[in-house]
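Each protein sequence line maps, in turn, to chains A and B. In terms of our numbering, the first sequence opens at residue 37 and continues consecutively. In terms of our numbering, the second sequence opens at residue 9 and continues consecutively.
Hints in this document: simulated from the structure, not taken from any laboratory. Hints are supplied without guarantee of correctness; some may be wrong.
A few chain A residues that don't get close to chain B, going by computed Cβ distances all over 10 Å [as the list claims (entries may be wrong)]:
| # | residue |
| --- | --- |
| 1 | Ala51 |
| 2 | Phe88 |
| 3 | Ser111 |
| 4 | Leu122 |
| 5 | Ile142 |
| 6 | Asn153 |
| 7 | Val154 |
| 8 | Phe160 |
| 9 | Gly170 |
| 10 | Thr217 |
| 11 | Lys220 |
| 12 | Met238 |
Chain A regions said to be covered by chain B (calculated; three or more residues, Cβ under 8 Å) [said to hold, decoys possible]:
| # | segment |
| --- | --- |
| 13 | 57 to 65 |
| 14 | 293 to 299 |
A virtual CB, placed ideally from N, CA and C, is assigned to each residue, including glycine.
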Amino acid sequence: MSLRLADIGQAEIAAQRIRNPAAFGAGFGTKALRWAMALLAVSYFVYLLWLFDFDRLFTGLPRLWTIVRLMLDWSGFAEWDHAELLRSMLETVAMAYLGTMLAFAISLPLGFLGARNVIPARVFRFCTRRLFDGMRGVDQLIWALVFVRAMGLGPIAGILAICVADTGVLAKLFSEATENTDRKQTEGVTATGASFFGVLRMAVLPQVLPVMIGQTLYQIESNSREATILGLVGAGGIGLRLSERIQINAWDQVAYAIVLILIAVALIDTVSRWLRMRLIG
Amino acid sequence: MLTPADQDPTYRQFQQRFGPTIRARLVRAWGTALSVALLFVLAAVWTDFAPDTILNGLPRVGEYFGKMLSIEPSRGADPVPVLAFGHVFGGPKEPQSLAYWFYRIDVYAALLWQTLQMAVLATVLGFAAAFVLCFPATASISRPRPVVFLIRRLLEVLRTIPQVVLALILVWPFGIGPLAGILAMAIHTTGGLGKLFAELNENADRRPVEGIVSAGGSWLAQVRYGVVPQVLPGFFSYALLRFEINVRSSTILGFVGAGGIGMELKRTIGFNIYEEVSAICILILLMVVVLDLTSERIRHAFIGRMQ
Numbered sequence: 037m038s039l040r041l042a043d044i045g046q047a048e049i050a051a052q053r054i055r056n057p058a059a060f061g062a063g064f065g066t067k068a069l070r071w072a073m074a075l076l077a078v079s080y081f082v083y084l085l086w087l088f089d090f091d092r093l094f095t096g097l098p099r100l101w102t103i104v105r106l107m108l109d110w111s112g113f114a115e116w117d118h119a120e121l122l123r124s125m126l127e128t129v130a131m132a133y134l135g136t137m138l139a140f141a142i143s144l145p146l147g148f149l150g151a152r153n154v155i156p157a158r159v160f161r162f163c164t165r166r167l168f169d170g171m172r173g174v175d176q177l178i179w180a181l182v183f184v185r186a187m188g189l190g191p192i193a194g195i196l197a198i199c200v201a202d203t204g205v206l207a208k209l210f211s212e213a214t215e216n217t218d219r220k221q222t223e224g225v226t227a228t229g230a231s232f233f234g235v236l237r238m239a240v241l242p243q244v245l246p247v248m249i250g251q252t253l254y255q256i257e258s259n260s261r262e263a264t265i266l267g268l269v270g271a272g273g274i275g276l277r278l279s280e281r282i283q284i285n286a287w288d289q290v291a292y293a294i295v296l297i298l299i300a301v302a303l304i305d306t307v308s309r310w311l312r313m314r315l316i317g
Numbered sequence: 009m010l011t012p013a014d015q016d017p018t019y020r021q022f023q024q025r026f027g028p029t030i031r032a033r034l035v036r037a038w039g040t041a042l043s044v045a046l047l048f049v050l051a052a053v054w055t056d057f058a059p060d061t062i063l064n065g066l067p068r069v070g071e072y073f074g075k076m077l078s079i080e081p082s083r084g085a086d087p088v089p090v091l092a093f094g095h096v097f098g099g100p101k102e103p104q105s106l107a108y109w110f111y112r113i114d115v116y117a118a119l120l121w122q123t124l125q126m127a128v129l130a131t132v133l134g135f136a137a138a139f140v141l142c143f144p145a146t147a148s149i150s151r152p153r154p155v156v157f158l159i160r161r162l163l164e165v166l167r168t169i170p171q172v173v174l175a176l177i178l179v180w181p182f183g184i185g186p187l188a189g190i191l192a193m194a195i196h197t198t199g200g201l202g203k204l205f206a207e208l209n210e211n212a213d214r215r216p217v218e219g220i221v222s223a224g225g226s227w228l229a230q231v232r233y234g235v236v237p238q239v240l241p242g243f244f245s246y247a248l249l250r251f252e253i254n255v256r257s258s259t260i261l262g263f264v265g266a267g268g269i270g271m272e273l274k275r276t277i278g279f280n281i282y283e284e285v286s287a288i289c290i291l292i293l294l295m296v297v298v299l300d301l302t303s304e305r306i307r308h309a310f311i312g313r314m315q
């Protein structure tokens, strides 16, 4: 049967409209609801802009422009304390490495203990999981503040802050990786009469090690980004130098420090990508 | 009777064939482990990370957490646990009750609400900017290569500058308060979301776009009718994830004077009001957990619609 456009009259269209109203676009009710939702969203947005004094944006922009201009003026480059900045940049990377490796060492047993197929007790698993959540949920900067109070100013507080926050992340990931391992290999090794640790070493570890290495490398990357700010609360690294220079309005050196951070982060990304390829394939 | 292993011909054959490989792998594994350890020692020396400093300091960490969970019922009295079984539901004047511990809950709640709204606004602003920037940053729909390259690098820089540093800088021109924090988060969100959005665009089905090209649609029409309908649910899903991240980071932006609960937290830590530190931390954790659970539900709905 063929249908010709000229055969369709107004009457048929009207009949179809009654029979199938949804095919002719949304009804009045839906349209009104949509408009009301959009209006509500927009007015909430405007309310937020008003609430947070967004008119200050316009008074602040000229000042921001002044700062940006000062940042781009690198005429005093030769007189800056390059050694100090480079040393603290290296310190930041060292902090990230130490903190992550310590977290790796702690999470290795913790991750096994938190896995369902290693220790089947549900209560135990619940407790370890909540512990990891707590360590992860509190921000690294808050941990740093606490450790600065306990251990004094310096990179050690930063390292411990990275370590604690990271243990929460890594232990959770490790225990999930352990839970996702293939049971056949575990059963095979168990059948040879291997001990508990023998099973972990020969059946579980080979399966989870690539995941663990990948995650740890990624954490080193992301922690070296995070570690750049730990210095703001006195926990060592380039953050301290950065905040000093912001306080004395040495904007050119602030820009220099930020460029250093960008370069260091890019370098670490490249190295860890290469390592990942080498180690995991 | 079993022959000793080294006389067994099968064993010797196995050793001949696989011995070198096994030894090479062992050497490689030990080499990796050694270089990791060496790097560790180097880094430890560089940062004065000595075991005895840690061992001396660790009790003080325990002490600190102990103080966070105890109160002095009156000035100079011996500290007692912050909660006790008989007093939990007592009034705000009764020590060791919930109401006594959280006696400033109205202030905290207002600040948490402010923190949340900061995150909302920053996410919306960042989403808008990322939405505009992600289409020219997609190689498969944007023609001029230099534009793609430039916008990609811009997004990279935006998300690599640490948020707190951005906030610290923005506090100078925009004054102490939430505005600087919102702008810092919005800038960072633009960088992060822009990259993810561009990846989604890249993975979008080309056929709708080609259809619109063949019908003579403009570039805007290709984006609007060819790409956006496919990727929008994914965009919203990422934006929600980003909102969670922003809620977390808005709690610490206050440390540098950029508004929200962080300012209060820094004040209580600075003045050593231990029980308030733990109260605020618990409230932050609660808020983050509740939001994570809610947004996970919503995100699954969006992802479901995408498939």
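Checking the smallest CB distance to chain B, is A:Val154 really beyond 10 Å? Since the minimum Cβ distance to chain B is about 23 Å, A:Val154 lies beyond 10 Å and the statement holds.
Looking at A:Thr217 again, its CB stays over 10 Å from all of chain B? Consistent with the label, A:Thr217 stays out of reach of chain B, its closest Cβ about 20 Å off (over 10 Å).
Check on A:Phe160 being off the interface with chain B, judged by Cβ distance over 10 Å: holds, 21 Å
Taking 10 Å as the cut and beta carbons as the points, is A:Gly170 off the interface with chain B? Not fine: 7 Å to the nearest Cβ puts A:Gly170 too close to chain B.
Against chain B, does A:Met238 hold up as non-interface, every C-beta pair farther apart than 10 Å? Non-interface label on A:Met238 holds, nearest chain B Cβ at 14 Å vs cutoff 10 Å.
Regarding the assertion that A:Phe88 does not contact chain B, is the least Cβ-Cβ distance greater than 10 Å? violated, 5 Å
Please check whether the segment 293 to 299 of chain A has three or more residues whose CB lies within less than 8 Å of a CB on chain B. holds (count 3)
Count the residues of the segment 57 to 65 of chain A whose Cβ falls closer than 8 Å to any Cβ of chain B, and tell me whether that reaches three. violated (count 0)
Can we trust that A:Lys220 is non-interface, i.e. its beta-carbon lies farther than 10 Å from all of chain B? holds, 23 Å
Are all beta-carbon distances from A:Leu122 to chain B longer than 10 Å? A:Leu122 clear of chain B: closest Cβ-Cβ about 12 Å, beyond 10 Å.
With d taken as the least Cβ-Cβ distance between A:Asn153 and chain B, does d exceed 10 Å? Holds, since 24 Å exceeds 10 Å.
Is the nearest Cβ of chain B still more than 10 Å from the Cβ of A:Ala51? holds, 31 Å
When each numbered hint is compared with the structure, violations occur for hints 2, 9, 13.
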